[in-house]
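Engineer: Build out the structure end to end from the sequences listed, making use of the hints.
2 protein chains.
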Amino acid sequence: MDPLDAAMKMCGADAFVHYAAGDDADMRYLTRFVMHDSFVFFKRYRQPGTIIVPQMEAERASRESIAGVMTRTQAGLPEITKKEKNPWEAAAQMIAGQAGKIMLVSPALPAALLRALEEHGRVFVDTGTIAQVRAKKSPEEIRLMLTVQKKTERAMALGISLIRHATVKRDILFHDGAPLTSELVRVAIHKQLMDDGCRAVETIISCGEDTAFPHIIGSGPLRPGAPIVIDMFPRDEATGYYADMTRTVSKGKPDGQVIDMYEAVKEAQQIGISHIKTGVTGAEAHNAVVDYFKSRGYESDTRGFIHNLGHGVGLQVHELPTVGPAGTALEKGFVVTVEPGLYYPGIGGVRLEDIGVVRTQKFADFTKFEETLIV
Amino acid sequence: MDPLDAAMKMCGADAFVHYAAGDDADMRYLTRFVMHDSFVFFKRYRQPGTIIVPQMEAERASRESIAGVMTRTQAGLPEITKKEKNPWEAAAQMIAGQAGKIMLVSPALPAALLRALEEHGRVFVDTGTIAQVRAKKSPEEIRLMLTVQKKTERAMALGISLIRHATVKRDILFHDGAPLTSELVRVAIHKQLMDDGCRAVETIISCGEDTAFPHIIGSGPLRPGAPIVIDMFPRDEATGYYADMTRTVSKGKPDGQVIDMYEAVKEAQQIGISHIKTGVTGAEAHNAVVDYFKSRGYESDTRGFIHNLGHGVGLQVHELPTVGPAGTALEKGFVVTVEPGLYYPGIGGVRLEDIGVVRTQKFADFTKFEETLIV
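Going down the list, the protein sequences come from chains A and B. Here the first sequence is numbered in the working numbering, starting from 1 and rising by one per residue. Here the second sequence is numbered in the working numbering, starting from 1 and rising by one per residue.
No wet-lab data here; the hints were simulated from the structure. It is possible that part of the hints are untrue.
Because identical chains cannot be distinguished in the list, a pair is counted as satisfied if it fits within a single copy or across any two copies.
Listed next, the in silico BS3-like pairs over lysine-lysine satisfying Cα-Cα at most 25 angstroms (straight line) [to be verified]:
hint : residue 1 : residue 2
1    : 150       : 191
2    : 150       : 253
3    : 362       : 150
4    : 83        : 253
5    : 85        : 136
Structural biologist: Shown next, in the form of structure tokens:
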């Protein structure tokens, strides 16, 4: 049974309703249609899904969406708005006219629309059926994600090559006579990804003490003998699927503490990977890494290993499953990252991140890129 | 009085609560902090706002956010999750602990969180206070948006230059010996915008019959003697503000019907612009254009002028105010587009879009770029 039908059956709903823009991952999964402004998706019990779009999007929606297409006019909105000026109330009337008296709505449905729909019938809030379904990738989705990962590795190679071939003057990296900055490496990576049909934003190119803060994206000249964290999560424009990968490099030999951290993180990643297979929980994989770090004298608190071992990736860069203390059993077809890191303010940070798919007996790593600290 | 405080006072709320990622425009406006995963913003009555973020984001949030910063640990989440496994319930407990018994929440708050919060007190759903506030731009915001518009015009110049300097062979445009495609022009534009610190997505470079559908982004070789619509809405990465502009060009002379449409649209834009000033409604400006098109024999229905005359722009590419049939009085400081268009399947489409700010007595156009059909 279709998972949405099963969820509807549980609460006796006539229809499932979602309202979001096409960059909402659930909406993209349900419709494969991208639109800037929010629109309605509804699916009556055991029927195919339908989207309700403005007239001007109808032709494109018919070409691109896997859901059926209805215009707002066909759904009666012009008549409704003659009497109802509040846009949420008007939308609710329009939706209730299509969906029936008992509705199951997406957990992300806007609060204002939920309240308006409650005037038209009984509304149950779904617990995340589509997010659960999305965690398990089909062979086709895995193929699409492998493609994005390959493009990501080409971009990583370009970024590291810029660092490797830089010259060092006055404790700064130079490229073509100008300082090699985070911004320059980021733009070079983004442009190559663009040529490959991918969009990357906020790629992390952090250096030195900034690397101790995992989400500082980095700015200014890169320096030799210091960790440089490159973390990118490009999205394929055509399909919407993400990849996610991180490498840490140093132009020339860094501080011994950084070298020790790098070796520990690299080993920790292999330990994490070795635990991942169908039936093992995300918590077990995470805790194995925590234990290993502890054995090497690294804490997992406000310093040291301060984030989850990994996360699901798909139409969102962070999605189910959880690969951390709250993680439940992993299933075949889940695509997850394995990204241990160590972070010490005043010293720096190291992170290594691979992406791959959970198989019955192993983690099938999509990432083929080498792990070498000193370049 | 602070508009959020005023909204809280109206319903006697102890605090306002929002929950979204930092690419949500309201969240960015309230915090100026960008984070991929959703986080909590709360503001107690007459107090400054505070965000609740994971430990790993705390340092960066302290540097970057204009709101106060609290970690999830400081907000008690680890203790709560020991007993409460449902993440929405746990978040609601954490939020209620900070926000009090009577809450005013964002209209975009996820339905699942609204339902969970209702277990902890009385919850009012705001009607869109922040979206209203965002419509009116400060002098600083106008300065930021003018900057994005200038970069956008440089990118438009590049795109049109590629078309102007193309050669024509076998009814196709060529550039450097290869067909000049929508994709090639789009990537060239996006790369230049990237160098200017802007991110553009889904820039429309549509040609010929595709131009009759305003949101088809276009693909494949461009052709001479046919309308080419270039519509771009880049966002400045650092500030989050958008620009929005459209030009229609033709390499060589197009069909006479297209020339007539172009002249009508160009004149319609001036008519729209001439109506815009403080106190005039978006509906009045829109209807003036509808009337003008009617006088030239063009309908405003399922063909002809099929969309609103314009829309607000800011931290979203489409935001308040409405400049269309439902548009209310325009106010000083609103930044809006004026973008009449005509669309006839089988013939093609023409759209011209400027952006500017509503002043007391006029529309101050940010857009300086020429309007010339034949290039």
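Engineer: None of the hints should be skipped; say for each whether it holds.
Structural biologist: Hint-by-hint comparison with the structure:
Both within a single protomer and between protomers do residue 150 and residue 191 lie at most 25 angstroms apart by alpha-carbon distance, with minima of 16 angstroms and 21 angstroms respectively. In this assembly of identical chains, residue 150 and residue 253 lie within 25 angstroms of each other by CA distance neither inside one copy nor across copies; the values are 29 angstroms within and 44 angstroms between. For a Cα distance limit of 25 angstroms, the shortest separation of residue 362 from residue 150 inside one copy, 21 angstroms, qualifies, whereas the shortest one across copies, 53 angstroms, does not. Taking the shortest Cα distances, residue 83 and residue 253 never come within 25 angstroms of each other, neither inside one copy (72 angstroms) nor across copies (47 angstroms).
Taking identical chains as interchangeable, the C-alpha atoms of residue 85 and residue 136 lie at most 25 angstroms apart only when they sit on different chains, with a minimum of 22 angstroms there against 42 angstroms within one chain.
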